[in-house]
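Protein chains: 2
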Amino acid sequence: METFNKTPLNTVKRIPARGRYDKETVFEILDAARVGHVGFVVEGRPFVIPTLYGRKDDILYLHGATTSRMLQQLEQGIPVCLTVTHEDGLVLARSVFHHSMNYRSAMVFGTARIVAAEDKLEALRVITERMMPGRWDEVRLPNAKELKATTVLALEIETASAKVRSGPPKDDAEDYELPVWAGVLPMLRTFGPPETDPDALREEEVSESVRRVTG
Amino acid sequence: METFNKTPLNTVKRIPARGRYDKETVFEILDAARVGHVGFVVEGRPFVIPTLYGRKDDILYLHGATTSRMLQQLEQGIPVCLTVTHEDGLVLARSVFHHSMNYRSAMVFGTARIVAAEDKLEALRVITERMMPGRWDEVRLPNAKELKATTVLALEIETASAKVRSGPPKDDAEDYELPVWAGVLPMLRTFGPPETDPDALREEEVSESVRRVTG
Numbered sequence: 008m009e010t011f012n013k014t015p016l017n018t019v020k021r022i023p024a025r026g027r028y029d030k031e032t033v034f035e036i037l038d039a040a041r042v043g044h045v046g047f048v049v050e051g052r053p054f055v056i057p058t059l060y061g062r063k064d065d066i067l068y069l070h071g072a073t074t075s076r077m078l079q080q081l082e083q084g085i086p087v088c089l090t091v092t093h094e095d096g097l098v099l100a101r102s103v104f105h106h107s108m109n110y111r112s113a114m115v116f117g118t119a120r121i122v123a124a125e126d127k128l129e130a131l132r133v134i135t136e137r138m139m140p141g142r143w144d145e146v147r148l149p150n151a152k153e154l155k156a157t158t159v160l161a162l163e164i165e166t167a168s169a170k171v172r173s174g175p176p177k178d179d180a181e182d183y184e185l186p187v188w189a190g191v192l193p194m195l196r197t198f199g200p201p202e203t204d205p206d207a208l209r210e211e212e213v214s215e216s217v218r219r220v221t222g
Numbered sequence: 008m009e010t011f012n013k014t015p016l017n018t019v020k021r022i023p024a025r026g027r028y029d030k031e032t033v034f035e036i037l038d039a040a041r042v043g044h045v046g047f048v049v050e051g052r053p054f055v056i057p058t059l060y061g062r063k064d065d066i067l068y069l070h071g072a073t074t075s076r077m078l079q080q081l082e083q084g085i086p087v088c089l090t091v092t093h094e095d096g097l098v099l100a101r102s103v104f105h106h107s108m109n110y111r112s113a114m115v116f117g118t119a120r121i122v123a124a125e126d127k128l129e130a131l132r133v134i135t136e137r138m139m140p141g142r143w144d145e146v147r148l149p150n151a152k153e154l155k156a157t158t159v160l161a162l163e164i165e166t167a168s169a170k171v172r173s174g175p176p177k178d179d180a181e182d183y184e185l186p187v188w189a190g191v192l193p194m195l196r197t198f199g200p201p202e203t204d205p206d207a208l209r210e211e212e213v214s215e216s217v218r219r220v221t222g
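Protein sequences, first through last, are from chains A and B. To convert, count from 1 in the first sequence and add 7; that's the numbering used here. To convert, count from 1 in the second sequence and add 7; that's the numbering used here.
The shape of chain A in the complex, shown without the other chains (with noise of 0.2 Å):
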């Protein structure tokens, strides 16, 4: 099992038994959402923003317009951490002591690069497919034009750490005597009914890939 370095920066302290170092664990969590928290420095200050990524390989890509501030400040090759995080659960206990999340979270840290003019197309087709898988061959395809007016960042993964919880509370023995009911309410993400854009021009069905998702 290929597993990513344990080093001061990537090991889980808090609870050490939940941290995960396997790149399999990593990847699956990364794979399974769509927006990560990536935090970079600026002037010594933290921010933290929302963005969209694809992985392939040990490359996390993300893209944005050329005049972002995020983009701006990352292509400088600064360190990022970019974390992500699903919650699966609220782990209700019989003291408010032991109420937590049942969660999978990832750490990635690493620096980004700016992805070379050749390599665009590739990257934004892998943060796409990662967005809704089959939307690349549906619909127009990047131009000139737009590929020039979008950075694209490739952020290698120096190292990474997962973070899981799940399963039911655990209680102080003698609190399972109380009367209180205990257990984990699941949280679940799913997809409404697609919206018809209301500026469409003629009835379409509802493309492939997003019939796939929704079933």
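Some hints here could point you the wrong way.
A pair holds if it fits inside one copy or across any two, identical chains being indistinguishable in the list.
[Unchecked claim] List time: in silico EDC-like cross-link candidates among lysine to aspartate or glutamate, alpha-carbon distance up to 20 Å:
(1) 177 to 206
(2) 155 to 211
(3) 177 to 212
(4) 13 to 50
(5) 63 to 35
(6) 63 to 29
(7) 155 to 179
(8) 20 to 64
(9) 63 to 95
Please keep in mind that the hints were generated in silico from the structure rather than gathered at the bench. None of the values given here were measured: they were computed from a predicted structure.
The hints should help you fit chain B onto chain A, whose structure is shown.
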């Protein structure tokens, strides 16, 4: 309408029309979430960690074990950026370039301080009630030992901003002719059926707080 001061810190630069600075919008976004992504700087490097929080007026409360690396850093009074994002829908345009996401995000800037012993209980109530309204009155409250083992931080909101995108895709005029379905695929957050703790000693009716949100 009360608003946060626009400073270089919180001014939305990319697509300024999506920026909001009124407290009502920022608080609505914060109060609809349970988990925020906290960014802070250690030795010049950014860290982004997911955390539960609750809000009371202009203060966000965060908590954790006294051994937590994040809390040990934050309690030193360093600058913090806490960001919350709701993913509301995939914006599926006729061109790759105009694909987007409907979302509501809030960025909060401030400095954390330790909550004094006598105020901890109230701060924990705020966090617990954000996680599951009504739960506080159903379960065993923290005892002295548990309170001592918990660090609670108060993050006073110095400034903040929100960013919101909603509505259908906006394509280039000539692309509306393309035979491509376009629209929004709404993303929903729902609860699954409550899962009773398999270690429960006897059958308990599901708590009222849980029944209230699961219907």
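Taking the hints in turn, this is what the structure says about them:
Proximity of residue 177 and residue 206 under a CA criterion of 20 Å is satisfied inter-copy only: 9 Å between copies versus 53 Å inside one chain copy. For a Cα distance limit of 20 Å, the shortest separation of residue 155 from residue 211 qualifies neither inside one copy, at 30 Å, nor across copies, at 61 Å. For the identical chains of this complex, residue 177 and residue 212 are inter-copy neighbours only, at 19 Å across copies versus 49 Å inside a copy, given an alpha-carbon limit of 20 Å. Taking CA atoms no more than 20 Å apart as the test, residue 13 paired with residue 50 passes between copies only; the shortest distance there is 18 Å, against 28 Å inside one copy.
In the homo-oligomer, the alpha carbons of residue 63 and residue 35 lie at most 20 Å apart inside one protomer (12 Å), although the nearest pairing across protomers, at 36 Å, exceeds that limit. In this homomeric assembly, residue 63 and residue 29 come within 20 Å of each other (Cα to Cα) only inside a single copy, at 16 Å, whereas the closest approach across copies is 39 Å. In the homo-oligomer, the alpha carbons of residue 155 and residue 179 lie at most 20 Å apart only across protomers (16 Å), although the nearest pairing inside one protomer, at 59 Å, exceeds that limit. Proximity of residue 20 and residue 64 under a CA criterion of 20 Å is satisfied in neither setting, with 27 Å inside one chain copy and 32 Å between copies.
Within a single copy, residue 63 and residue 95 get their C-alpha atoms no closer than 25 Å, and across copies no closer than 25 Å, so neither meets the 20 Å cut-off.
Of the numbered hints stated above, those contradicted by the structure are hints 2, 8, 9, listed in ascending order.
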